[in-house]
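Protein chains: 2
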Amino acid sequence: MGDFIAVDWGTTNRRAFRIEDGSVVASERDDRGAANVAAEDYEAEVAGIRARLGDLPMLLAGMVGSNIGWRSVPYVAAPAGLGEIAAGLDRIDDRTAIVPGLSYRYGLHADVMRGEEVQLLGAVAAGLVPADAMLCQPGTHCKWATVEGGAITRFTTAMTGELFALLRAHGVLSRQLGHPVELGSAFLEGVAEGARRDLAASLFAIRARGVLGIADDAHAASFASGLLIGADTTARIEPGAAVHILADPALGALYAGAIDALGGTSHHIDSQAAFVAGITRIQDLAA
Amino acid sequence: MGDFIAVDWGTTNRRAFRIEDGSVVASERDDRGAANVAAEDYEAEVAGIRARLGDLPMLLAGMVGSNIGWRSVPYVAAPAGLGEIAAGLDRIDDRTAIVPGLSYRYGLHADVMRGEEVQLLGAVAAGLVPADAMLCQPGTHCKWATVEGGAITRFTTAMTGELFALLRAHGVLSRQLGHPVELGSAFLEGVAEGARRDLAASLFAIRARGVLGIADDAHAASFASGLLIGADTTARIEPGAAVHILADPALGALYAGAIDALGGTSHHIDSQAAFVAGITRIQDLAA
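Protein chains in written order, with numbering that gives the first Met the number 0: chain V, 0 to 286; chain D, 0 to 286.
Each hint should be verified, as a subset may be incorrect.
To be verified - In silico contact screen, one side only, chain D against chain V (beta carbon under 10 Å); selected entries:
hint	residue
1	Glu161
2	Leu166
3	Ala168
4	Ala200
What the hints assert, rightly or not - Derived CB-CB ranges, DEER-like:
hint	chain 1	residue 1	chain 2	residue 2	range
5	V	Ala86	D	His108	29 to 35 Å
6	V	Asp131	D	Pro179	44 to 50 Å
7	D	Ala164	V	Arg51	51 to 57 Å
Hints listed in this document are in silico derivations from the structure and should not be mistaken for laboratory results. Here the structure is a predicted model, which means the values were calculated and not measured. We treat Cβ as the ideally placed atom computed from N, Cα and C, and that holds for glycine.
Could you build the full structure based on these sequences and the hints that come with them?
What follows is the structure in structure tokens.
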């Protein structure tokens, strides 16, 4: 396996890894995400990463391949595994390529992801999750993916994190939602309420509970987070389902709490290890 | 029945009516809602209304009785009819009083309304709806009330309109949602999607459908409105339910479209006639 540089190029942040024989030997992380880099500046950005991490072939994954990134790379349609993704690489030059995202359609419904596919399939490639599994990558736009035979066969994105951020920043609930979210009884009450799948009414009840003095606003953010994550999780899992979570520890713990409360079982996966395994496998397949 | 002045004093707007023998003989409407009037200015505001509409007793309903209004008037607990509301009037002086709002609790859930109760119960008092009925008053915070024997026995508020406004103004969907909402096939597709009650995922699909070129963004706002109203309505009605709608014609038509599509029947009620009937009955009961 040849040495190369892999970049997980998100909307806000960017992480770059120098990988030798499948292991990270150097890395950097900064806020030069796609939202902060103009299309004409990517060549210089890539040259800068090579200057710091080594003059090596590079694979770029994530929003770098979107219409807010370097250039739009067509989505690969699910079902797809790492082979289909490697075959869909968009080659900028003979040693720089962008990883395509995935699309999924069923009937009128449609979904897309860019970047998460490397971690999700990398987790399988690294043996961190079984070849048939359900994976969850929480965030602003939470991804839930079903993997069968090592390929992503279907997935759903829920804008759970974005709804929470909107409600916290704007509108009638914003004054109640300033406190930190904690995995405790208020969060779990929210999960149970979320399982009723009546979001617009359950959210107003946060205001009513505050106005009537039934609930302390100190717990309102935890309740609201539980409500949104509970509604998301209820729509995704049956009791008994095993879910493999790729997330930072704090957000991962909230999703695990909701999954456990709703009768599933949760397993935490090292998302950096998953990304490195996935991108290394794509590099090998493309060599 | 004596002459009096009734004010429907909302958050943003205010309507005042001079009522003689149950009929409106003069009225005014302006933007001096509770959000735009300081607590210490209400005496002068009320004097101004009397100067314009007549030196008469006054009943004030709505957000004037909230913590952003003149003063906080305790809620009357549902079940409640016009008699309980008249008994809960907050008398400012011997000819000026504020109408209390309603609260409703069941288990951990809680809800409140201020102002809508006059229209909802007034519709029953005027014979515009039966004494046992389901009523819907759409808006930023949509109210759904069950009336039994002429009293509101339970109600639910859904922040459907507020969620739509937040998504249109902020966040990843805002660029797609600028077009006007129309009651057509995109709206009805949204209603059907909303009936799945998976709001956070259905909302993200609007972005995916746009990115993949499956749906024209010109219809995205109609789809999103149908989605939110459909999710709200599905949670509230069984097939065959009759719903009496109090709303402006445009918003009322959207809710009627969703109710009809989901197997219910809808009836439009004149909300000003309902308010006048309700507030006149409260004035009579309090005399």
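Status of each hint after checking the structure:
1. Glu161: Holds. Min distance 6 Å.
2. Leu166: Interface hint status for Leu166 of chain D: holds (7 Å vs cutoff 10 Å).
3. Ala168: holds (7 Å)
4. Ala200: holds (4 Å)
5. V:Ala86 x D:His108: 29 to 35 Å: Between Ala86 of chain V and His108 of chain D, where Cβ atoms are some 52 Å apart, the hint is violated.
6. V:Asp131 x D:Pro179: 44 to 50 Å: For Pro179 of chain D against Asp131 of chain V, whose Cβ atoms are near 46 Å apart, the range 44 to 50 Å holds.
7. D:Ala164 x V:Arg51: 51 to 57 Å: For Ala164 of chain D and Arg51 of chain V the Cβ distance comes to about 45 Å; the hint is violated.
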